[in-house]
Amino acid sequence: MRNPLSKKVVNIEPSGIRKFFDIVSEMKDAISLGVGEPDFDTPWHIREEGIYSLERGRTFYTSNAGLKELKDEIVKYLDRRFGLNYNPAGEVYVTVGGSEAIDGALRAMLDEGDEVILPQPSYVSYEPCIVLANGVPVIIELKEENEFKLTAAEFEAAITDKTKVLILPYPNNPTGAIMTREDLKGIADLVIKHDLYVISDEIYSELTYGTTHVSIASFPGMKERTIVINGFSKSYAMTGWRLGYACGPKVIIEQMLKIHQFAIMCAPTTSQYAAVEALRNGDDDVNKMRIAYDQRRKFLMKTFKDIGLRCFEPFGAFYVFPCIKEFGMTSDEFATRLLDEEKIAVVPGTAFGSSGEGFLRISYAYSIENLKEALERIERFIDKQRN
Amino acid sequence: MKKQILDIISKNSRFSTEDIASMLGTDSKTVEDTIKEMEEDKVICGYPTLINWDNTDFEKVTALIEVNVTPQRDMGFNKVAERIYKFEEVESVYLMSGGFDLTVIIEGKSMKEVARFVSEKLSTLEYVNSTATYFVLKKYKEHGLTMAHEKDKEERMLITP
Numbered sequence: 001m002r003n004p005l006s007k008k009v010v011n012i013e014p015s016g017i018r019k020f021f022d023i024v025s026e027m028k029d030a031i032s033l034g035v036g037e038p039d040f041d042t043p044w045h046i047r048e049e050g051i052y053s054l055e056r057g058r059t060f061y062t063s064n065a066g067l068k069e070l071k072d073e074i075v076k077y078l079d080r081r082f083g084l085n086y087n088p089a090g091e092v093y094v095t096v097g098g099s100e101a102i103d104g105a106l107r108a109m110l111d112e113g114d115e116v117i118l119p120q121p122s123y124v125s126y127e128p129c130i131v132l133a134n135g136v137p138v139i140i141e142l143k144e145e146n147e148f149k150l151t152a153a154e155f156e157a158a159i160t161d162k163t164k165v166l167i168l169p170y171p172n173n174p175t176g177a178i179m180t181r182e183d184l185k186g187i188a189d190l191v192i193k194h195d196l197y198v199i200s201d202e203i204y205s206e207l208t209y210g211t212t213h214v215s216i217a218s219f220p221g222m223k224e225r226t227i228v229i230n231g232f233s234k235s236y237a238m239t240g241w242r243l244g245y246a247c248g249p250k251v252i253i254e255q256m257l258k259i260h261q262f263a264i265m266c267a268p269t270t271s272q273y274a275a276v277e278a279l280r281n282g283d284d285d286v287n288k289m290r291i292a293y294d295q296r297r298k299f300l301m302k303t304f305k306d307i308g309l310r311c312f313e314p315f316g317a318f319y320v321f322p323c324i325k326e327f328g329m330t331s332d333e334f335a336t337r338l339l340d341e342e343k344i345a346v347v348p349g350t351a352f353g354s355s356g357e358g359f360l361r362i363s364y365a366y367s368i369e370n371l372k373e374a375l376e377r378i379e380r381f382i383d384k385q386r387n
Numbered sequence: 001m002k003k004q005i006l007d008i009i010s011k012n013s014r015f016s017t018e019d020i021a022s023m024l025g026t027d028s029k030t031v032e033d034t035i036k037e038m039e040e041d042k043v044i045c046g047y048p049t050l051i052n053w054d055n056t057d058f059e060k061v062t063a064l065i066e067v068n069v070t071p072q073r074d075m076g077f078n079k080v081a082e083r084i085y086k087f088e089e090v091e092s093v094y095l096m097s098g099g100f101d102l103t104v105i106i107e108g109k110s111m112k113e114v115a116r117f118v119s120e121k122l123s124t125l126e127y128v129n130s131t132a133t134y135f136v137l138k139k140y141k142e143h144g145l146t147m148a149h150e151k152d153k154e155e156r157m158l159i160t161p
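Chains as they are written, first to last, in the working numbering: chain A, 1 to 387; chain B, 1 to 161.
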């Protein structure tokens with residue numbers, strides 16, 4: 001029989017998280033701090049709108065780009081929150097989660113051999129999506145001493161004649177790092193100087209603490225060079241609804257929409273109706289969740305300080321990324337032993353790129369009670385290693 | 001700070017001051033002083049516990065009573081309300097807008113006990129003109145918390161990217 005498989009697909013490594021998931025799922029009594037989604041239920045008024053749309057029989061396709069009301073609300077929202085100005089006709093379309101938009105943007109923009117600069121540690125799907133789109137990932141290993149920000153110097157050193165796209169994943173999963181206006185300025189200048197494009201994954205943009213997220217697309221000359229990816233999963237606790245969107249210059253969005261039209265048709269209709277309600281009446285919910293996350297973030301930082309676990313202070317997303325190098329174990333070993341000995345599941349930093357070695361991703365999408373119990377066990381574990 | 005402390009303890013008053021301080025990025029002395037101040041100002045009036053008596057072996061009956069009263073010169077409704085809320089059986093008393101004046105919520109050991117309170121104590125009070133009593137059959141939600149466990153187990157997968 002002929003080999004049924006594509007070499008390109010076979011050669012893609014399965015996600016490091018998957019491996020760990022299999023171990024954890026066999027442990028029934030483990031406390032997990034390994035989840036990359038909110039612990040809150042979708043606010044009831046949003047769920048109720050979804051239910052209502054089903055009752056009304058709104059069970060058909062929408063137009064490829066998404067409901068007009070939703071695109072209008074997205075455009076208004078991006079303007080009021082981040083000062084971005086898009087035309088709902090042609091510069092926005094609704095996707096099946098931010099993930100589809102990442103894939104679509106890369107496929108629409110890359111030709112064989114084009115290089116994509118990818119800062120790591122970062123979300124697991126960028127690298128395989130670049131490869132699937134025939135691009136060549138050029139990894140920048142972000143540094144703890146820079147608080148896992150992308151510096152202009154690191155960026156410029158990675159640029160070659162073949163570079164076409166920069167992936168900018170901030171606020172960052174897994175590090176919790178953010179990029180301020182000053183940090184972004186140097187990056188934007190280089191993008192323009194070298195005639196590059198940016199895929200800015202801003203899915204955690206509502207979850208920044210003490211400061212408002214800044215989009216690189218809001219810099220002069222950057223809107224025409226940036227695809228902004230955002231969605232409802234993290235901000236409104238709607239991961240299971242699978243709803244995101246992409247905004248950008250019409251020439252690129254048009255081609256992304258073509259892929260979407262043939263591969264997806266349209267994002268789920270129920271979710272789109274619910275999302276309209278989220279954008280119209282959900283600001284309070286987002287604020288409440290942000291306050292709760294911030295309390296947990298502060299609680300974790302304080303506890304790390306008390307138990308002497310090194311961790312830079314992250315101001316975004318819902319992750320902390322403590323350093324475990326002092327224990328002389330790899331991230332994988334540390335995480336595996338922590339699971340065996342104390343039944344705490346965290347994700348090794350290496351699941352997000354080799355520069356995550358020596359770090360752990362700890363999610364604080366958990367109640368304080370839960371975090372407290374888990375941190376007591378982590379403390380016990382590291383005390384044992386130190387003695 | 002005050003608002004944030006109130007939001008935290010209104011949902012769970014058992015957090016230690018140390019925990020609240022960590023959550024707010026301050027020290028426990030500040031939290032303690034702020035709570036003390038709010039107790040003195042009667043912003044914080046107490047720390048009761050939300051109990052679902054239906055899940056215990058103890059009998060408890062709750063009734064909501066609409067009361068029509070004649071307000072009194074110089075004291076309006078306050079005097080009558082006080083006469084009512086001083087009774088130990090009375091859980092809550094609210095002055096209402098609309099078709100009646102006071103909502104009185106009573107907790108008793110049995111229906112009989114509640115009935116006796118209404119007929120002997122409440123309706124015989126001077127200035128109380130009429131009452132209408134409604135017994136609570138089941139409590140679904142109180143104080144922002146659902147009484148029944150809707151969801152016992154974590155629905156999320158243990159590890160996701």
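For the record, the hints were derived by calculation from the structure and aren't laboratory data. Nothing here was measured: the structure is a model prediction, and the numbers come from that model. There's no promise every hint is true.
Unchecked claim - Here are the computed distance ranges between Cβ atoms for each label pair: (1) S6(A) x S13(B): 56 to 64 Å; (2) R116(B) x G240(A): 18 to 26 Å; (3) F87(B) x E26(A): 57 to 65 Å.
Stated by the list, open to error - Straight-line C-alpha distance at most 20 Å; calculated SDA-like pairs for lysine to any residue: (4) K343(A) x D27(B); (5) K305(A) x E59(B); (6) K372(A) x K138(B); (7) K302(A) x D27(B).
As the list claims (entries may be wrong) - Here chain B is said to cover these stretches of chain A; the calculated rule only asks that three of the stretch's residues, wherever they fall, bring their Cβ under 8 Å from a Cβ of chain B: (8) 16-27; (9) 92-103.
By construction, the Cβ of each residue, glycine as well, lies at the ideal position given by its N, Cα and C atoms.
Against the structure, the hints:
1. S6(A) x S13(B): 56 to 64 Å: holds (59 Å)
2. R116(B) x G240(A): 18 to 26 Å: violated (53 Å)
3. F87(B) x E26(A): 57 to 65 Å: At roughly 58 Å between Cβ atoms, E26(A) and F87(B) fall inside 57 to 65 Å, so the hint holds.
4. K343(A) x D27(B): Not satisfied, since the Cα-Cα distance of roughly 31 Å exceeds 20 Å.
5. K305(A) x E59(B): violated (49 Å)
6. K372(A) x K138(B): Not satisfied, since the Cα-Cα distance of roughly 34 Å exceeds 20 Å.
7. K302(A) x D27(B): holds (10 Å)
8. 16-27: holds (count 5)
9. 92-103: Result for this restraint: violated, n = 0.
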